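One letter stands for each residue in the lines below.
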Amino acid sequence: MTHEVFETHQVRWWVWTVLLALAMSATQSVILIPFFLGLLFWIVRRVARVQRHTFSMLVGLIASILLLRIMFQMFFGIPVGNTILFRLPEIDILNVGLRIGGIFTLESLQTAAREAITLGGIIVALLASSMMIPVSSLVRRLPSGFSNVALVLSIALSFLPQLLKDVKRNLRANRWRGHSKPKLGVLATNLVNVVENALEKSIQLSASMWRRGLGSDNERRSNSLGLFGTILFLSAYLIAFLFTFHVSLLLLGLLGLALVAYSLGTSVTRPITLSVADVNKSSFVVLSVALAVVGIWLTDTLSVEFLLFLVIASLSWLLVRANEVQIRHA
Amino acid sequence: MLDIQNLSFRYPKQQVFTDLNLRFNEPGIHLIAGPTGIGKSTLLEIIAGSTPLFKGGDLLGSIWMKDVNLFHISQSERVRTVGFVGSDPSAMFVSQIVFDEIAFALRFLNLERPEITLRVKEIARTFRIEELLYREIDSLSAGQKQRVAIASVLVVGPALLLLDEPTSALDPIMSNKLLELVQNYSRANNIYTLMSEHRTDRVLEFATSVTLLDRAATFTPAESLRFLSSPSVFPILQEFFDIETCYSVNSFRDSLRDLPQQQLLSKEESLGNAHDIVVTNACIDVDTNPVLHDINLSFARGSITALIGENGAGKTTLIHSVLGDYCPSKGSIALDGKETSALRGVNLLKSFGIVPSNPQDLFLCHSVSQECALADQDRNLIIGTTLNTFKELAPTVSLDTHPRDLSSGQQLSLALAIALASQPEVLLLDEPTRGLDGKTKALLIERLLQCKALGACIILATHDMELVAQLADRVLVMKSGTISAEGTPQEILCSTTGFQTLTGEIFAPLPLLTVDDVRLAYQHA
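Chains A and B are the protein sequences, given in the same order.
Residues in the first sequence are numbered consecutively from 8, following this note's numbering.
Residues in the second sequence are numbered consecutively from 3, following this note's numbering.
Hints in this document: simulated from the structure, not taken from any laboratory.
Computed from a prediction, not measured in an experiment: that's the story for all the values here.
Hints should not be assumed to be uniformly reliable.
Stated by the list, open to error - Estimated spans, in silico, between C-beta atoms of each pair:
#1 GLU182(B) with LEU68(A): 46 to 54 angstroms
#2 GLU203(A) with ALA224(B): 41 to 49 angstroms
#3 SER141(B) with LEU46(A): 24 to 32 angstroms
#4 GLY88(A) with TYR136(B): 53 to 61 angstroms
#5 VAL202(A) with GLY457(B): 37 to 45 angstroms
#6 VAL66(A) with ASN191(B): 15 to 23 angstroms
#7 LEU126(A) with GLU138(B): 29 to 37 angstroms
#8 GLU203(A) with SER141(B): 41 to 49 angstroms
Backbone N, C-alpha and C fix where the C-beta goes; we use that ideal spot for every residue, glycine too.
Given only the sequences and the hints, what does the whole structure look like? Please build it.
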């Protein structure tokens, strides 16, 4: 087996996962959802070579979400379909239509499983991104006008990876100190401490970025045009959020695209290196983009709003690129 | 000139400085020393500007760097003026690739891409990390990480460099190399380098001045010898031999060259015969990467074994494998015939005590007193046992302080108290003197010898050769995941290049590893 090196930009990886998460949230296809999830896990484990225990934790997370969602559906959900799998004792609550237990159907199981895998997939996609690409790579590409936002974002976005690390640290400390409670019990006991520690580490990371220039008023690379493009996009996103949730999801993906365009223009460092086994890099990129688009297409959300914001996205992109050209000529 | 004027600082629950005045008149390495918890790291963080901004507290006074008040400069000016590297460089890395890490700060200086590349390569050449530029930071050794961290702040050309315990996790060879690099760079570029350190002996010869924070005063290295507390070797030897002030190995060797070549008898080693921890053909993989290869070892009760070796040799992995954190992919690690990786709960606690390299990894509670109470409760000790041990090691700490807010030396003291209080059968210590001042270190040595006398099997991984020489019965040298040499401290430390004590370096080739060895050898001379 030969191994070739595949290079992708930090932001591009984030956009890829955001688009994948977007596609997963949008599609209803029972074939595409597991396919997306499989693709994500393959990338995370084989291409990005995330450590084995981290990978196991991600798989465990999906399994927990799946289990909880099915249990919830079993005890509290409204039955869907007619293929009864089993029947639990049913308790009506206050005669207002609420119940616990009752029949559990194959269709309910399918719905719960699909929703759980989708939700789990989105969480894992975003977690994987923040674990694989340090959040600093993203926030430092925000225009200088957003320096304080960038600082807060850096704390917020690095929180989840730090939390995962601290959960592991806490479980290990409990073993060292001879506590033999089940893992969930340990975490429940130390939840506040774990969260505090993770936040503290995120703040330390931000402090390190601040000491080295994040938030500096010296960054004039993104002048008013670049800033205008970004503000335009953020405004469009906020307006869209007022319309529908789906459109806002789409715009989130497009915002990512705009950030890619921005970052490609301003990137100064070498792209991150990922290794790919027996994969042609161009086909990899085409396949990922195609999958994201197909996911969106299948949801019938290729609406007027979507087209409108495609235009805004292109406009922003052009503004940013033009801005970069101007700077280079100057 | 760097001038600290009337600096007062207070954390919400603790006054750290009151009207501190310090002045550094010339570029070079300025050593900041003082007991654990005196505020060395805090002072550096205040100068860097991140305290109180990110940690809270009340600050008064001013800090002037060449007529610029550091408290009244813009963020971009600050980046160009001050560079800070914390005691744990891993906590400050913001990128995955070395090149990106070094270029991070340049990104905010509005430089063109070729200029950035040029500067990164230039600083990488100076710090001899050119070949690492496209490596992932996680794959670097501690020494390489330290150099990357320093390069990534010096790349912007600050006039002031702040280094918090830069050699505490480095082996003696790497530590000397790093100090030499920083000294040369500081001199060549007129940089003021403030460096906090507990291992003062190894830094003195590179230092321009020494500031003792407990005395709030600055001295020349020679003057500082009068005030440096144990375990500083130089003042003791100086007094013993009645020679002029020396604070480097070479000057000491010159002063002592006329002394008679005494031969010290080897210490009698009393290794027990019973081997209670047996490691048989053990191979350990960490995240599928093979780290330890075919290790065959045994550790007896009532003995102290020191693991030494270069950064990344596998010492920490061996410690955690003995504890059962890693399951051997081949072979076995057993305590009294039982696999250690199978030990859980009370059985594990009864057998093992651990002080990890990052003491914070051991803490579970919100305050020092809660941590100590939990340790007592876990081990069925009389209430207050752990707390008393901690008070002995760190008497000045407020007991309602969050463990996270302790200084690195105080955190280590707390971890040591938790591990020592119950007198476990096997005590595992990973870098147990990192950040400890001389007095606390002497207490630690005393407690470890007591544990040994009570029959404990003590295994410690360390870069502190003085500790090895004073404590260990047996030394194992690790290299690339294997045991490359084994013997008594005298056999190993006198024969292995780069792993000598300071006294050993001064008196080489005589096998005199500690001040006590020297006294014994020359008391009749």
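Evaluated hints:
1. A hinted range of 46 to 54 angstroms holds for the C-beta pair GLU182(B) and LEU68(A), which are about 48 angstroms apart.
2. Range check, GLU203(A) to ALA224(B): Cβ separation about 46 angstroms, and the 41 to 49 angstroms hint holds.
3. Range check, SER141(B) to LEU46(A): Cβ separation about 27 angstroms, and the 24 to 32 angstroms hint holds.
4. For the hinted restraint 53 to 61 angstroms between GLY88(A) and TYR136(B), the CB-CB distance of approximately 56 angstroms keeps it satisfied.
5. One distance hint, 37 to 45 angstroms for the beta-carbon pair VAL202(A) and GLY457(B), holds here, with the actual separation near 41 angstroms.
6. Separated by about 51 angstroms at the C-beta atoms, VAL66(A) and ASN191(B) break the suggested range of 15 to 23 angstroms.
7. Under the hint 29 to 37 angstroms, the C-beta atoms of LEU126(A) and GLU138(B), about 31 angstroms apart, fit the expected range.
8. A hinted range of 41 to 49 angstroms for the beta carbons of GLU203(A) and SER141(B) is inconsistent with their spacing of about 30 angstroms.
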